[in-house]
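Chains A and B supply the protein sequences, listed in that same order.
Sequence positions in the first sequence follow this note's numbering and run 195 to 503.
Sequence positions in the second sequence follow this note's numbering and run 195 to 503.
Note that these hints are calculated values from the structure, not bench results.
Please note that a few of the clues may not be correct.
[As the list claims (entries may be wrong)] Pairwise CB distance ranges, derived in the manner of DEER restraints:
no.	chain 1	residue 1	chain 2	residue 2	range
1	A	R231	B	Q464	43 to 51 Å
2	B	Q245	A	K425	50 to 58 Å
3	B	A276	A	E248	36 to 44 Å
[As the list claims (entries may be wrong)] Facing chain B, from chain A, some residues (calculated, C-beta under 10 Å):
no.	residue
4	L227
5	P319
6	T330
7	G332
8	G340
9	R352
10	D358
From the three backbone atoms N, C-alpha and C, an ideal C-beta is built for every residue, glycine too.
Number of protein chains: 2
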Amino acid sequence: MNILVTGGAGFIGSHLTLRLLKEGHAVTVWDNLHTGRLKNLTAHRDFDKFQFVEADVREARDYQGDMIINLACPASPVHYQADPVFTWETSVFGVHHLAHLAEKIGAVLLHASTSEVYGDPDVHPQSESYWGNVNTIGIRSCYDEGKRAAETLLHDFRTFKNTDTRLFRIFNTYGPQMLPDDGRVVSNFCVQAARGQELTIFGDGKQTRSFCYVEDLVDGIWRLANLPREKVPPVVNLGNPGEFTMLELAELVFKLMGSEPKLKFLPLPQDDPKRRKPNIELAKEVLGWEPVISLQEGLKPTLEYFKNV
Amino acid sequence: MNILVTGGAGFIGSHLTLRLLKEGHAVTVWDNLHTGRLKNLTAHRDFDKFQFVEADVREARDYQGDMIINLACPASPVHYQADPVFTWETSVFGVHHLAHLAEKIGAVLLHASTSEVYGDPDVHPQSESYWGNVNTIGIRSCYDEGKRAAETLLHDFRTFKNTDTRLFRIFNTYGPQMLPDDGRVVSNFCVQAARGQELTIFGDGKQTRSFCYVEDLVDGIWRLANLPREKVPPVVNLGNPGEFTMLELAELVFKLMGSEPKLKFLPLPQDDPKRRKPNIELAKEVLGWEPVISLQEGLKPTLEYFKNV
Numbered sequence: 195m196n197i198l199v200t201g202g203a204g205f206i207g208s209h210l211t212l213r214l215l216k217e218g219h220a221v222t223v224w225d226n227l228h229t230g231r232l233k234n235l236t237a238h239r240d241f242d243k244f245q246f247v248e249a250d251v252r253e254a255r256d257y258q259g260d261m262i263i264n265l266a267c268p269a270s271p272v273h274y275q276a277d278p279v280f281t282w283e284t285s286v287f288g289v290h291h292l293a294h295l296a297e298k299i300g301a302v303l304l305h306a307s308t309s310e311v312y313g314d315p316d317v318h319p320q321s322e323s324y325w326g327n328v329n330t331i332g333i334r335s336c337y338d339e340g341k342r343a344a345e346t347l348l349h350d351f352r353t354f355k356n357t358d359t360r361l362f363r364i365f366n367t368y369g370p371q372m373l374p375d376d377g378r379v380v381s382n383f384c385v386q387a388a389r390g391q392e393l394t395i396f397g398d399g400k401q402t403r404s405f406c407y408v409e410d411l412v413d414g415i416w417r418l419a420n421l422p423r424e425k426v427p428p429v430v431n432l433g434n435p436g437e438f439t440m441l442e443l444a445e446l447v448f449k450l451m452g453s454e455p456k457l458k459f460l461p462l463p464q465d466d467p468k469r470r471k472p473n474i475e476l477a478k479e480v481l482g483w484e485p486v487i488s489l490q491e492g493l494k495p496t497l498e499y500f501k502n503v
Numbered sequence: 195m196n197i198l199v200t201g202g203a204g205f206i207g208s209h210l211t212l213r214l215l216k217e218g219h220a221v222t223v224w225d226n227l228h229t230g231r232l233k234n235l236t237a238h239r240d241f242d243k244f245q246f247v248e249a250d251v252r253e254a255r256d257y258q259g260d261m262i263i264n265l266a267c268p269a270s271p272v273h274y275q276a277d278p279v280f281t282w283e284t285s286v287f288g289v290h291h292l293a294h295l296a297e298k299i300g301a302v303l304l305h306a307s308t309s310e311v312y313g314d315p316d317v318h319p320q321s322e323s324y325w326g327n328v329n330t331i332g333i334r335s336c337y338d339e340g341k342r343a344a345e346t347l348l349h350d351f352r353t354f355k356n357t358d359t360r361l362f363r364i365f366n367t368y369g370p371q372m373l374p375d376d377g378r379v380v381s382n383f384c385v386q387a388a389r390g391q392e393l394t395i396f397g398d399g400k401q402t403r404s405f406c407y408v409e410d411l412v413d414g415i416w417r418l419a420n421l422p423r424e425k426v427p428p429v430v431n432l433g434n435p436g437e438f439t440m441l442e443l444a445e446l447v448f449k450l451m452g453s454e455p456k457l458k459f460l461p462l463p464q465d466d467p468k469r470r471k472p473n474i475e476l477a478k479e480v481l482g483w484e485p486v487i488s489l490q491e492g493l494k495p496t497l498e499y500f501k502n503v
């Protein structure tokens, strides 16, 4: 297949692209290098069928191929809040251009939605049928509402324009190639641990997150891409349902580093979700997928990566 | 002032535009006549300072003036569901173009959001701080999520680009100039009553709505337009908190018609909110506004209008 990966120079995009190349597909990456980095694509250049184009999904652009996978959007709060209008435009215009492109060329369009569409959930764990608890006018809204509006448009393309759009909601994912300054808890902890610093805990550290290793996530996306069209559900959660408090994660990082625990507590930021955990029954059923890499296993290569950035 | 009203040929837009003209302002209406109608603007043509332009907010367009009031979007489920992608584009692109226009020319931008951002609420009545319960991939999503994303963009323009954007959430509104085929309960009941037909009740008729007469709403919008900038809240509900079941509304229509009650029951459509009622404490406090026209009073001219369409 000829596959376009938008945002392919980013953390998840670069892992996914490498997997597609290894599977023997021709892959074109569009990335504006806003949060993506060319060095994430180093191993990719060994493949003949790899092409990189510096391009921004906010602008319409032509492509010919069989499949589009849209991962283009700043995804960590520190990055998506830096320029909220840019984030909103990337999410909303990006998906609009790609939907029309997919319709025109008859390509399958996979789109990365996010557990952020559930906001600060009042139902646990979150299944796909939960509608979410999201602030439209808060500091996270540019991302959350941009992604919600993107889901809506793609669902309507699927329903009314007969375009093969496929939506997956990514929960917290970690692994090598994360940006050290992305402000997420795994990168924060790993960077701080690698530098021998105190780990920063926001709030009391009892809020939980579930952490999916990036290779597990990529496998889920690829299974969704290969599903016969008639079996594709309207949207599917991809994440690891293992639930850890920030304090438990910190403990694990210290254990792997073989160092003494040192913690620093700071106030919880506005609209920070206190708990989020995927229900992945649907993914198990339709994709035959569930994560297989434990947090301890996945943290090892992640910590190694962060020691060298 | 020179004021642009987008969607000014629609139900609410035509009432608002007439009020602005009567206040002595120069008003330009942009409307693509998708659900707006030129005959709604008949009285307006008596004013020298009135101008109509057939224009679609999905396309960027220039304007010079002091204030923009954005009412451009199909607003009734039957209309907004007819072409969901068109609805999404109107809401999302419309607000994007107008936000950039307002920023460029230094105009105040008022934007009609909607009680639909609360979805099928699990909190009653709804105050502005309630985040809503909205399906991203249902039949109402093109409107609900389009409007939610619009709120987000305008709030970020207010916060990060120092543009004077003002958001109000309109609850159910009724009055002359409603489209007879808009599928809303007031127009349905009035049309059916005027034709001597049975009134259609969806579900058991015990779901409630609050109904605001259009002149009350217009007064609230105009007060928000005239508020000193530093007093403008992030978003304000405009609606009538009086709560009526569909059965009570039907009874009132029969009473005003002086005819015998005849009802027909049909199943409730997908995602239909069972109850919605505004909390308007904020509007009372900052705008000194509350509706003054009772449902019985407002229904009289409305029924008269529907007898003649």
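Results of checking the hints against the structure:
1. A:R231 to B:Q464: 43 to 51 Å: For B:Q464 against A:R231, whose Cβ atoms are near 44 Å apart, the range 43 to 51 Å holds.
2. B:Q245 to A:K425: 50 to 58 Å: 55 Å, holds
3. B:A276 to A:E248: 36 to 44 Å: Given about 40 Å between the Cβ atoms, the range holds.
4. L227: Since the shortest Cβ distance to chain B is 22 Å, the answer is violated.
5. P319: Violated: closest Cβ of chain B sits about 18 Å from A:P319, beyond 10 Å.
6. T330: 4 Å, holds
7. G332: This interface hint holds because 8 Å falls under the 10 Å limit.
8. G340: 6 Å, holds
9. R352: 9 Å, holds
10. D358: Violated - the Cβ of A:D358 stays beyond 10 Å from chain B, reaching only about 15 Å at its closest.
Hints 4, 5, 10 from the earlier list are contradicted by this structure; the remaining hints agree with it.
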